[in-house]
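Line order of the protein sequences matches chains Z and S. By the UniProt record's numbering, the letter at position 285 of the first sequence is numbered 285, and the numbering carries on one by one without gaps. By the UniProt record's numbering, the letter at position 72 of the second sequence is numbered 72, and the numbering carries on one by one without gaps.
Just so you know, these hints were derived from the structure itself, not from any lab. Accuracy of the hints is not assured; some may be wrong.
To be verified - Only pairs whose alpha carbons sit at most 30 Å apart, straight line, appear in this in silico BS3-like list of lysine-lysine:
#, chain 1, residue 1, chain 2, residue 2
1, S, K78, Z, K156
2, Z, K71, S, K170
3, Z, K181, Z, K194
If you want the building blocks of each chain, they are given just below.
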Amino acid sequence: MNYLLFEPEDFALDEFFYRWVLEPTPESETFWRNWLNDNPGKNKDIEIARQLVLVATCDDEISPSQYTVDKIWEGIQNGKETKIYVFQSTKFWMKAAAAVAILCVAFTGYFYKRVQSQTYRTAFGESRRLLLPDGSLVTLNANSNLRVSDRWGVAKEREVWMEGEAFFSVSKLKKSGIPVKFVVHTPDLNVEVKGTEFNVNTRKSQTQVVLSEGSVNLYLCGIGEKNEIRMKPGDLVDFSQNNKKLFVRHLKDATPVFSWKNNRWTLNNTSLEEISNLIRETYGVTVTIEEDSLRRQKFCGVVPTDNMDDLLSSLESILPITILHHENHLTIRNR
Amino acid sequence: MNDVDLWRSFRSGDDHAFSMLYQTYIEVLYKYGHKLTIDSELVEDAIQDMFIELWNSRQRLSDTDSVKFYLFRVLRRKITQNPLVRKTTDCGIEAVEQKFFSGSAESQLIATESEGTRKKMLSRALLQLPPRQQEVVNLRFFNEFNHQQIADIMNISIQSVHNTLQKSMKGLREILSDYAEIILCAVTLLCFGK
Numbered sequence: 001m002n003y004l005l006f007e008p009e010d011f012a013l014d015e016f017f018y019r020w021v022l023e024p025t026p027e028s029e030t031f032w033r034n035w036l037n038d039n040p041g042k043n044k045d046i047e048i049a050r051q052l053v054l055v056a057t058c059d060d061e062i063s064p065s066q067y068t069v070d071k072i073w074e075g076i077q078n079g080k081e082t083k084i085y086v087f088q089s090t091k092f093w094m095k096a097a098a099a100v101a102i103l104c105v106a107f108t109g110y111f112y113k114r115v116q117s118q119t120y121r122t123a124f125g126e127s128r129r130l131l132l133p134d135g136s137l138v139t140l141n142a143n144s145n146l147r148v149s150d151r152w153g154v155a156k157e158r159e160v161w162m163e164g165e166a167f168f169s170v171s172k173l174k175k176s177g178i179p180v181k182f183v184v185h186t187p188d189l190n191v192e193v194k195g196t197e198f199n200v201n202t203r204k205s206q207t208q209v210v211l212s213e214g215s216v217n218l219y220l221c222g223i224g225e226k227n228e229i230r231m232k233p234g235d236l237v238d239f240s241q242n243n244k245k246l247f248v249r250h251l252k253d254a255t256p257v258f259s260w261k262n263n264r265w266t267l268n269n270t271s272l273e274e275i276s277n278l279i280r281e282t283y284g285v286t287v288t289i290e291e292d293s294l295r296r297q298k299f300c301g302v303v304p305t306d307n308m309d310d311l312l313s314s315l316e317s318i319l320p321i322t323i324l325h326h327e328n329h330l331t332i333r334n335r
Numbered sequence: 001m002n003d004v005d006l007w008r009s010f011r012s013g014d015d016h017a018f019s020m021l022y023q024t025y026i027e028v029l030y031k032y033g034h035k036l037t038i039d040s041e042l043v044e045d046a047i048q049d050m051f052i053e054l055w056n057s058r059q060r061l062s063d064t065d066s067v068k069f070y071l072f073r074v075l076r077r078k079i080t081q082n083p084l085v086r087k088t089t090d091c092g093i094e095a096v097e098q099k100f101f102s103g104s105a106e107s108q109l110i111a112t113e114s115e116g117t118r119k120k121m122l123s124r125a126l127l128q129l130p131p132r133q134q135e136v137v138n139l140r141f142f143n144e145f146n147h148q149q150i151a152d153i154m155n156i157s158i159q160s161v162h163n164t165l166q167k168s169m170k171g172l173r174e175i176l177s178d179y180a181e182i183i184l185c186a187v188t189l190l191c192f193g194k
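The whole structure should be built from the sequences, with the hints applied where relevant.
Here it is, written out as structure tokens:
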């Protein structure tokens with residue numbers, strides 16, 4: 001091996017070299033010490049190469065928690081129960097097959113729904129980006145869930161069901177020349193689109209849809225025939241099936257509605273009461289506002305939501321309030 | 001018991017050997033899985049499925065001289081073939097954005113000693129490499145696979161393994177030159193002479 005021609009990168013990738021960096025043996029120690037004595041000009045290169053090896057072996061990924069390790073193992077144990085039997089007698093095998101066939105028919109209906117879809121959930125304080133099989137991107141806000149039908153390959157529509165809040169960036173899809181609809185089902189309405197961007201929020205026992213670009217059709221649930229609404233970019237629609245209340249508004253700038261997906265809230269004349277509702281829904285804590293006058297005070301500003309503590313300290317810095325945080329409870333009072 | 005014996009006992013239906021295999025490899029598999037996708041749930045599901053399938057098909061499995069290699073190859077196929085995999089390579093989706101720290105984790109971070117902080121910074125250097133380069137570095141340096149094994153696991157040619165490793169070392173060197181103070185600090189740790 002002619003080490004004289006080596007660049008630092010080559011040293012780092014050389015097995016004899018990096019073994020010496022990680023676990024020096026008397027042999028390798030002698031070799032490299034002599035080599036450096038003979039080639040003092042290479043001191044710097046060797047140092048860089050050592051750094052590269054140290055960084056490359058750095059353990060940068062998060063280890064699974066004991067809880068995760070146990071959870072996966074438990075899943076494996078449960079999965080193992082389904083054993084494969086090999087039957088010897090043909091007669092017995094036929095009977096068994098008939099019995100299995102009957103059972104299959106009986107259970108198909110029961111399992112149909114469960115097997116045919118996949119559900120994604122987010123915990124409090126967590127948000128996730130999901131890439132769907134058609135290339136559409138869904139950002140799921142904290143404490144939300146999205147169910148995706150597994151039958152996209154055969155179905156005429158791409159269907160998802162959601163609760164909580166999510167931002168959809170739907171890609172256009174055509175099957176044999178015909179556009180394939182993308183449908184979001186919520187308890188209050190269905191959103192039908194072909195390819196566009198919009199935000200859906202089902203908190204506060206109603207569904208709110210805000211369209212960012214393109215166009216969507218809404219089909220409100222439970223009000224009979226004339227239930228279709230066509231939305232244009234910037235439109236905001238609130239609808240609740242319970243009290244049949246419909247609210248339509250046009251926003252000059254809809255982007256503040258989506259700012260949560262970049263870990264920010266844009267407060268625009270937002271009352272402290274609304275802010276505390278958001279905190280409750282996002283982080284799963286209870287919130288008490290001590291003075292009534294404080295509830296209705298309105299605020300403007302942009303606050304970070306990566307984690308609750310950062311959010312609370314920036315709220316404290318822009319508002320005349322003190323927030324006490326004790327376990328899962330927040331108390332807000334005048335400063 | 002070494003790997004090969006463990007594998008044999010597991011194939012003959014030894015539950016204990018199966019559990020030992022799991023305990024031995026869960027951590028490295030989990031970490032490697034995260035090089036392929038940022039979706040923890042997907043990694044967990046893939047590992048779970050893989051071990052269930054291993055158990056259920058244990059009689060049909062053959063001997064292997066590297067259990068670890070076998071497991072890595074199966075896991076990679078499972079994760080990359082999932083249609084819902086959110087690849088770390090999707091542009092616009094940043095890995096860091098996904099990693100939320102809860103309040104307590106954050107304060108723990110602050111509390112770590114300077115040695116820990118240094119390590120953290122070094123590992124961040126690694127995270128700045130493109131996902132594919134991170135993957136080969138993980139396989140080569142952290143999991144100590146040889147070039148042929150890496151090629152087989154990733155289903156690419158040995159030449160691409162070689163090129164990707166070269167590129168990642170070049171990349172790391174550039175990133176490290178931005179962290180001048182770390183280099184300085186490491187130099188003081190170095191002791192060549194007596």
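Hints, verified against the model:
no.: 1; hint: S:K78 / Z:K156; result: holds, 28 Å
no.: 2; hint: Z:K71 / S:K170; result: violated, 40 Å
no.: 3; hint: Z:K181 / Z:K194; result: holds, 5 Å
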